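Chemist: Take these sequences, add in the hints, and give me the full structure.
Number of protein chains: 2
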Amino acid sequence: MSVVPAQFADLLERPLYGSLATVSPAGKAQSSIMWYVWDGERLKFTHTAKRQKYRNLVANPSAAFSVYDPENPYRYLELRGVVDEIAPDPDGVFFTELHTRYSASFPLPVSDFPDRVVLFLRPDSAHSH
Amino acid sequence: MSVVPAQFADLLERPLYGSLATVSPAGKAQSSIMWYVWDGERLKFTHTAKRQKYRNLVANPSAAFSVYDPENPYRYLELRGVVDEIAPDPDGVFFTELHTRYSASFPLPVSDFPDRVVLFLRPDSAHSH
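Protein sequence lines, in the order shown, are assigned to chains V and R. All residue numbers for the first sequence refer to my numbering, where the first residue is 47 and numbers rise by one. All residue numbers for the second sequence refer to my numbering, where the first residue is 47 and numbers rise by one.
Any given hint could be a false lead.
Pairs involving identical chains hold if they fit within one copy or between any two copies, as the list cannot separate such chains.
Stated by the list, open to error - In silico lysine to aspartate or glutamate, EDC-like type, Cα no more than 16 angstroms apart, as pairs:
1. K90 / E143
2. K90 / E131
3. K96 / D158
4. K74 / D170
5. K74 / D130
6. K96 / D161
It should be emphasised that the hints constitute simulated quantities derived from the structure, not laboratory data. Predicted, not measured: the structure shown is a model, and the values here were computed from it.
Modeler: Written out as structure tokens, the structure reads:
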């Protein structure tokens, strides 16, 4: 059973832009605009193992995600939970899937594929409006 | 001098919807979609003194804000810093200013005005793309 209210599931299924919040080892907040895919249980994000957000999540897996409906910004959803898996994506397979899903017009950044990872956020609570 | 790059200042000046990340006393991330006003030095948000985000900020003033350009989501801005002031807004004056700025169609929630506060986020770094 998902914690996501059915009437807000479209916000996870559409290729929108959400914000991922993490916490640094020093206890400071960080917030980044992200692509994502929802697999029915977890949100998946692409990232690299060389950036601050990765180091944050290795030290503290707590994460929160918020997204609004661009057609009605008063419809929004927040998910809180933990990143319970970080998987390597050395061939950029998941990155390429997102690049297609979001119809990105820029070239694939193949030079950073060796450092690419997939973050899996498992929500344990949802807040919607 | 503001840390905000001049070519991204429009993202703060337009009435867009951003995400505010805070950290709970237990070290957990939280992310909320927010209205805001930029006064040239600080981002101002409306909130109430009865909610988790308020308790988070009283315990740990670290905060981060991210916003993207709905007309070009690959233009985005993150600000990190601290909430260095929380001011009471018992008559909902700031709430009402935001309600007008965002052309909100719902009635003013006057019953929660006594608990309304203004959060002031002073950024110490900016990340843009």
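Chemist: Could you run down the list of hints and mark each one as holding or not?
Modeler: A quick look at each hint next to the structure:
When the C-alpha separation of K90 and E143 is checked against a cutoff of 16 angstroms, the pair qualifies only within one copy, where the shortest distance is 11 angstroms, while the shortest distance between copies is 37 angstroms. Taking identical chains as interchangeable, the C-alpha atoms of K90 and E131 lie at most 16 angstroms apart only when both belong to the same chain, with a minimum of 10 angstroms there against 35 angstroms between chains. Within a single copy, K96 and D158 get their C-alpha atoms as close as 10 angstroms, which meets the 16 angstroms cut-off; across copies the closest is 44 angstroms, which misses it. Proximity of K74 and D170 under a CA criterion of 16 angstroms is satisfied inter-copy only: 12 angstroms between copies versus 22 angstroms inside one chain copy.
Taking the closest pair of Cα atoms, K74 and D130 come within 16 angstroms of each other only across two copies (14 angstroms); inside a single copy the shortest separation is 20 angstroms, beyond that limit. Taking the shortest alpha-carbon separations for K96 and D161, only the intra-copy value of 7 angstroms comes in at or below 16 angstroms, while the best inter-copy value is 43 angstroms.
The structure shown violates none of the earlier numbered hints.
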